[in-house]
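Number of protein chains: 2
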Amino acid sequence: MQVLVYGAGQLAQMMYLDGAPLGINVMAVDVSNNAVVHPVSKAPLDYTLEQAIELADALTVEFEHVPEALLQQAEASGKLHPGIDAILVGADRVREKQLLSSLAIPNCPYQIVDDLTQLDSCVENLGERLIIKASRDGYDGYGQWRLKAATELPALKSQLAELDLKAVPLVVEKMLNFDREVSLIGARSSGGEVVVYPLAENLHHEGQLHVSVAPASASTAALNDQAKDIFTKLVNGMDYVGVLAVELFQCGDELLVNELAPRVHNSGHWSQAGSPTSQFENHLRAVLDLPLGLACNTGGEAAVSAMINIIGCDDHQMALLSVPGVHFHWYGKSVRQKRKMGHINVTASSYADLGSKLQKLSEYLSLAHFPCLTDEANRLASVS
Amino acid sequence: MQVLVYGAGQLAQMMYLDGAPLGINVMAVDVSNNAVVHPVSKAPLDYTLEQAIELADALTVEFEHVPEALLQQAEASGKLHPGIDAILVGADRVREKQLLSSLAIPNCPYQIVDDLTQLDSCVENLGERLIIKASRDGYDGYGQWRLKAATELPALKSQLAELDLKAVPLVVEKMLNFDREVSLIGARSSGGEVVVYPLAENLHHEGQLHVSVAPASASTAALNDQAKDIFTKLVNGMDYVGVLAVELFQCGDELLVNELAPRVHNSGHWSQAGSPTSQFENHLRAVLDLPLGLACNTGGEAAVSAMINIIGCDDHQMALLSVPGVHFHWYGKSVRQKRKMGHINVTASSYADLGSKLQKLSEYLSLAHFPCLTDEANRLASVS
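Chains as they are written, first to last, in UniProt numbering: chain A, 1 to 384; chain B, 1 to 384.
Hints are computed from structural coordinates only; laboratory data are not their basis. Check each hint, because a few of them may be wrong.
If several chains are the same, the list does not tell them apart, and a pair holds so long as it fits within one copy or across any two.
To be verified - With a Cα cut of at most 30 Å, we get these calculated DSSO-like pairs of lysine-lysine:
1. 228 / 360
2. 340 / 166
3. 79 / 42
4. 133 / 228
5. 166 / 133
Taking the hints into account, I'd like the entire structure generated from these sequences.
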């Protein structure tokens, strides 16, 4: 079996590594030059893009910002999963909001803005605390602005004056006082089988995910059911095939959808070590219409899991492998500020055990690059 | 980090897949032509053997029958782990028996035979039920003969008459009435850290491993301690670095060493799905002098594990992935009789759960090629 992934970064790499045992050969497309490359070595393979499309049993994406012409070509093959509509939903916040509204899925109150004068009505309707997001090409905190008081409106308007809002409208959302950010990763196969992983709890810093913990602490069966219900509505509504990530805000007992990612997701990396089937394997199974695998926490020494991103640095000590239950993942990229360089999965028998392992782990890391780690270690140590 | 593996089969492939996340690049040597190849695709890499040796941080082997000249060259680099002496012990039953005797490690009573007339004294000293093994190049049941009664001796002698026993002596062992075959997989790093996995229970058929179950049912702490003691004596005695597999016969409460394999081993494949750290990762950690990882059964949904070899066939149905806890591994080779094509790991919460999963799994396999599977499923179903 052959799978072609648009995008040649770490997500394609991890699909390759989980596909190989299943006899699935994963190839990657570098979308900057359409070269077909090996997902780990990035060495060019002896195929043109057209040949690779022909050869593949399924095509998929590792990120949603693939040039639309490439997606159209992929869709035309009849083998692209998820389909182009779902991918474009993930790449365009206006489409995303329209989808959520059409499926009556709770999300943050919002207004679409394609003219700066409309910001005044946003303040009237949504209040003076707002998050303003470019509808396309914005991720990891890029292309986002905040309004904290109506008095800041003139300054914000001049900051946004350069943007072509007719081409790329803004999605303006009410800033919610949510309790925490969680995410649900799940998969749907073309036959309609659906599995979801337990909710993960996510810590962001400056717009980037730093730590995920799964299962989210204090996540009740009712909360997981609510999340699964949202997930099922979404994937059935889109006739979605593959892994979908749903980022959610938890406000009291209610979950609001913040964002969708039509792909394997950073907040699901814990499943590599913490679940009988990783999100990467389940994604491949789904797009190839194979039966899906168990998506629970494994239990025992892997009853709970944390994923810690390594961002913008490479000065970790490999002696961190002495912490029991540590699983290290390096993406093989050169260091750049804010760049995701790798991640560390940690499995443990309880939250307290996990907290103590994160504490030990922190001894081998330069903490300036891990601003959430010790606080999270302390928090987990006290979760019962 | 770079590791060069002599041998380009499935063991090198699985080292590659477990090394990549750690930022370890594994290259393989096809010892039939000294080409340096990619361990998964087998595509030639742009290095001569000498360049790869120079580039590598560590050299290791995936099988013990590497031409001795190659091993000498590898040893001369100072980076070969385990060292040449340990590898040759695994490749030569005479050296193996000498090592076991020198370390006073219990093993089957034996005699070395380099002249067929000595077989008579074997019958006198060891009894008339004997296993006769070529001392080199014998594995998976090749190069082995059995004597079941003294009356068969003349027929056996004429069968062996062609062999050059001065060049390759025979090891003649008393055929023991052992209760079962178990194996211990463990690792020692160059710093002297030692970890061992729980004992696995192995089912052979016609000289080939078909099923391993870990932990071995009814394996007491005393039995595991006895095994660990044997392992520790062996690795310290040899100043061994890397994963070592020790095949053992259990006779009552006593363990006798049957055979050593100076490498990752088929009976340790269960650790890929059933342990926080696989034998492949621990081997790489050991030869690179990194801290070793947890070598227990994970617990929970992976409290017990089975490994089923796929031998000489490729007509499995991929719908077998619908059995929860199934992990499929395909080596990408063409079918040949008695050839190991792949394996299936199954994790479960209890032996009964494991038995029921093996039963379900058997529905997707051509049972002629899995002669031990349903019996083992039934046996496990009744283990408390």
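Evaluated hints:
In the homo-oligomer, the alpha carbons of residue 228 and residue 360 lie at most 30 Å apart only across protomers (28 Å), although the nearest pairing inside one protomer, at 34 Å, exceeds that limit. In this homomeric assembly, residue 340 and residue 166 never come within 30 Å of each other (Cα to Cα): the closest approach is 32 Å inside a single copy and 61 Å across copies. Taking the shortest Cα distances, residue 79 and residue 42 sit within 30 Å of each other both inside one copy (23 Å) and across copies (28 Å). When the C-alpha separation of residue 133 and residue 228 is checked against a cutoff of 30 Å, the pair qualifies only within one copy, where the shortest distance is 27 Å, while the shortest distance between copies is 60 Å.
In this homomeric assembly, residue 166 and residue 133 come within 30 Å of each other (Cα to Cα) only inside a single copy, at 14 Å, whereas the closest approach across copies is 81 Å.
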